[in-house]
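J.: Take the given structure of chain A and dock chain B to it, following the hints.
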Amino acid sequence: MENIERKNLVWVFVIIGFLSLLSITTYQMHEYYIYLTAYLWFGFVYGMCLQYGRFCFSSAFRDLFAVGVPRMAVGIVIAMVLFGTVSAFVTATGNSTFHPAPYGIHSVIAGFIFGVGMVLTGGCASGSLYKAGEGNATAMLVILSISVSQSIFADIGGWTNNLVPYAWHQSAIAKGLPAAINVGDGWMDQFLAGYVWDQPVLLFSQWLGLGKGFVGAYVGDVFVGIVLPASVLLITVYFIWYRKGYLRKQTEARRPTSGLRVELAGYWSMIMASKRTAIAGLVLGIAAGLHMYVMKGMQLKFGVTNFGTLMKEMGITFGLSAKGTVFDPGYWYVTTQEAQWVGWVFNKLGANNMDNIYFGLENGLPNPLINPADWMSLALIGGAAVMALLHNEFKWKGTTRELAMWAIIGGALMGIGSRLGLGCNVGAFFVRVSQGDMSGWLFGIGMIGGAYIGVKFFNWWTERKMAKEMAACDI
Amino acid sequence: MKFEKKAEGRFLLDVCGYVCPHPQLYTKKALEKMKEGEVLEIVFDNPSSGESIAAMLDTVGDEVMERTKDGGKLTWTVRKRRAA
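Residue numbers (my numbering), protein chains in the order written: chain A, 37 to 511; chain B, 18 to 101.
Next up, chain A with everything else stripped away, as it sits in the complex (with noise of 0.2 Å):
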């Protein structure tokens, strides 16, 4: 680590001092704030491990299909594989809070709108947290973005209800959801209730018949589930991405260029250009193990599922959704308490969206200062401008027209995607194919291709111009 700047390092005290002292006088307030304390410091760590790792997912594929980079890619599969296998033990054990997803042709579409997103903003939704703990304007605009288009897109109505299929509606309406959630009408509520909830759920350990136990968990959900797609992710990473040039310093150096010997060393060579990445992954991994066994263990402790429980308990009834819940998903997530903030905005502000599933039903609309979920994202930039300030890399970073525009477009695209595909590029992918949940990769694939047309566009955009500069140099 280098000389750090004396200001950069006061910095990192008032943070670790401010969240610290928040955790100790809220606990002082009451013991349930513990809850939101384990969030809080869970966040702070992934913050930390993000910046440190640059962990992108935009990143990831963009850099792969735009300038031949697989260093990112590779690191984000292996830490796949490094938190799989910390959390089937959590699975097995009988102390998962995770939940899987329906799974259907909408992952792969909710992946593709989100995959284009992140490629025109610059950073996936969690890249955006982290980035913005670096001082980074531009990944706070994207922040907003995504909040705003989500709380939105939630509770869309109006014209868009003419593009429901009759069958969704009448599927939606069959549900007999409690009265105060207006099913019928809206999107969203439409496609949630009509659609995606007729959807199977699927996990690697059913899909094989192997149960719920270490078996199930290990041979199915990460064996089959994580390490064999990992690694004919990984292969196909390296025959067309990395190994031309690897082959190319080996003949430069006069070393062996043939032979399943070069081959396998290419390979290594791959993994470990992804380092500084696997390093934040493996304690990415164990963190987001932890995490799980942690809120289990909070929810053992006290009795409860859901801390909307607690709210309760604690006398604070307003944002409880109809069953009495908040969003708790008890492990690393990102979207949803980004919708929420806002949608608390728009509530505050006179917006009748309680009426909703992803509201009014499911998540609620508690204050921002007690969502579980949004003490652990605001943690999450606090520890990544720590890492930042730490590595004299913290920097206020304005934004300018064009990257604002790209901004707002790309965020509001990975907002309705993330809606669509009840998470983001953590909460639907990364999480999901981490506990072996089928919907994870369908995610993935359409994240991928999306990634893949965002960047064709910005290779046509910056052609352009960069040929009216070059224009002018003779060249």
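Facing chain A, according to a computed beta carbon distance under 8 Å, are these residues of chain B, among others: (1) Glu21; (2) Gly34; (3) Pro38; (4) His39; (5) Lys50; (6) Ser65; (7) Met73.
Pairs of lysine-lysine, DSBU-like flavour, derived with a Cα cap of 30 Å: (8) B:Lys50 to A:Lys285; (9) A:Lys43 to B:Lys90; (10) B:Lys22 to A:Lys433; (11) A:Lys211 to A:Lys348; (12) A:Lys337 to A:Lys359.
Derived by calculation from the structure, the hints in this document are not laboratory data. Glycine is no exception: its CB is placed at the ideal position from the N, C-alpha and C atoms.
T.: Just chain B now, with coordinates in the frame of chain A:
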């Protein structure tokens, strides 16, 4: 974004203020258009782009001759690889 010729066989690419993927895309496009052995000075202030640019240069074999850092601003001098 600014791209200009500083001298014969020497160019400047200034992508300060840009975030990913712009710096790495502009660098790739500039180097693609330049002749072998020519030199490109890249000025940028997005650290994560630096890691992508370094990996890209390593893959294609272009040589980073000098790296300087002034506050948050990074300047890399790169010579385009001559084919063997």
